[in-house]
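Asker: Taking the hints into account, I'd like the entire structure generated from these sequences.
Protein chains in written order, with my numbering: chain B, 1 to 238; chain D, 1 to 331.
Not the full set, but computed from the structure, chain B residues with beta-carbon under 8 Å of chain D:
1) 52
2) 75
3) 78
4) 86
5) 92
6) 93
7) 99
8) 102
9) 103
10) 104
In silico DSBU-like cross-links for lysine-lysine, where the CA-CA straight-line distance does not exceed 30 Å:
11) B/9 with D/105
12) B/111 with D/199
13) B/98 with D/202
14) B/79 with B/27
15) D/105 with B/79
16) D/199 with B/129
17) D/199 with B/133
Source of the hints: derived by calculation from the structure; they are not laboratory data. Ideal Cβ placement from N, Cα and C applies to all residues, glycine included.
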Amino acid sequence: MSQPILELKGVHTSYGVIEVLKGISIKVEPKQIVTVIGANGAGKTTTLMTISGCVPIQKGEILFNGQPIHRTPAHQILKMGLAQSPEGRKIFPRLTVKENLEMGAFTRNDKAGIQQDIEKAYHLFPILKDRQKQLGGTLSGGEQQMLAIARALMSRPKMLLLDEPSLGLAPMIILKIFDAIQELNREGMSVLLVEQNARLALKIAHWGYVLETGTVTMSAAAQELLHDPRVQAAYLGE
Amino acid sequence: MDLCLFAEFSFQSLSQYVLNGLLMGALFALIALGYTLVYGIIELVNFAHGDVFMLGCVLTYFLCMFAPEYPTSLIFIPLLLLIVPICCSLLNITINYLVYRPLRKAPRLVPLVSALGVSFVLINVGQMAIGTSPKSIQAQLLPSETNQSSANRETENATRSNEASEELTRPRRSWLTWADILLIGTVIPAMTGLALLVKFTKIGKAMRATAQNPIAARLMGINVEFVIALTFALGGIFAGLAAVVFTLKITTIDYLMGYKNGLYAFTAAVVGGVGSIPGAVLGGILIGLIYSLGAVYIGGAWVDACIFGTLIILLVFRPSGILGTRVREKV
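Answerer: Set out below in structure tokens:
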């Protein structure tokens with residue numbers, strides 16, 4: 001097997017005295033979609049925030065392309081090619097759609113390339129083109145999610161971290177967004193997808209992890225998890 | 001200053017007071033920008049800001065001791081407008097680095113109380129520098145106003161017999177002083193520059209993005225600590241510009257002036273909508289007008305009551321200020 005693009009080794013993270021991640025290990029192979037499923041409060045968002053360098057790590061190691069990044073500040077992690085579309089979208093409400101996209105390209109200086117990538121984003125999500133002069137805060141939830149993903153792509157990342165892209169959206173919109181994720185993956189993007197909607201996530205993922213109160217309890221090929229009776233009972237409602 | 005035209009209403013004197021109010025308002029607005037910029041980014045009411053302004057005035061006072069004679073002093077003014085803002089901005093960056101930055105993750109009340117502490121420290125520094133009694137600038141940097149006013153006085157004497165024309169000449173005496181022109185020439189480019197910076201440049205957009213969502217800004221690769229430092233630097237520059245212009249216009253300084261003018265400016269920021277840049281300018285002008293007109297038509301002793309009364313009334317009906325956006329919490 002090739003070197004994993006992202007590897008977490010025994011990662012511990014806590015908020016004050018509350019330990020959220022209790023030594024989790026996750027591997028993402030290049031050009032794969034890996035999903036982390038789990039209930040509310042299992043530590044999924046904390047996992048992504050720790051990877052992105054927004055939450056300090058207590059113990060353990062995070063390797064990106066073999067390089068340790070767990071002591072690297074957030075803005076440098078992004079520069080290395082690891083972008084995140086955060087939970088709850090977190091778009092900039094009083095910047096226009098286009099300015100939001102430009103912020104995604106903050107670390108880049110190639111104007112022509114940025115313009116090209118904005119066009120690419122409009123191609124991926126055509127509705128954003130119609131909305132480009134509108135303020136981010138005026139978009140619907142689905143449009144905001146599309147903007148959040150498009151914005152994350154603007155740094156030309158090697159890998160994308162997606163936190164709950166289906167949260168609070170209508171089924172039609174969710175399908176559109178998951179189609180886009182698959183399309184990105186076909187073009188070679190590695191994806192770490194965190195989802196509460198386990199069925200949907202496992203359907204498009206290659207590999208899956210189950211996270212329960214800060215510990216990885218299962219790890220298997222996504223198809224396998226989809227048919228595992230324990231997963232079905234706990235997360236798929238069967 | 002000579003006899004005031006207490007309650008003697010005329011449109012010409014009114015226009016003079018309105019003008020004075022606008023000028024003072026522009027000064028308050030410059031200081032208010034420092035409050036509003038910092039609040040916009042880290043939601044801290046930087047109580048020390050007014051005292052950074054005061055130390056800027058103190059520095060201007062000392063630098064004026066080395067001022068050459070008029071008219072060579074005219075070259076000295078741009079130098080003041082360069083040195084003092086740079087010093088104020090370095091001071092502001094240092095305060096941020098030493099005091100506020102280590103408290104970034106602390107509950108919001110902690111940096112707030114620390115800001116009060118910094119304010120006291122700066123007041124004491126000012127007191128050590130110039131003592132407790134007010135100080136006046138001795139040097140004459142700007143063209144003298146006396147020629148102009150003595151000329152007016154002659155006209156006035158000549159027309160003394162004619163009551164009607166005296167009414168016309170009197171307010172004309174000090175329509176715009178040279179200090180006022182300096183004020184206008186400083187404030188307008190400074191504010192235009194800030195507006196352009198925030199609206200169009202990449203770093204300006206990064207400032208707005210950080211203010212709107214600091215976590216997302218970090219995920220965009222924006223170095224949030226750098227943006228915060230830059231914000232303090234900008235606030236310092238505006239405090240420094242205000243300090244130079246204020247010192248040359250009012251010519252008297254004291255170590256407590258930062259407290260009072262800072263409070264006016266902070267009120268201006270809140271009235272306009274704290275966190276909003278146009279709001280700070282609008283609020284500054286409004287407070288300046290109340291300051292000037294209130295002193296004449298209501299009475300000098302009531303100025304503070306008028307200003308803070310306006311604040312209270314406005315906050316009752318529009319808690320987010322005139323141009324402030326109501327923050328909508330969204331899950």
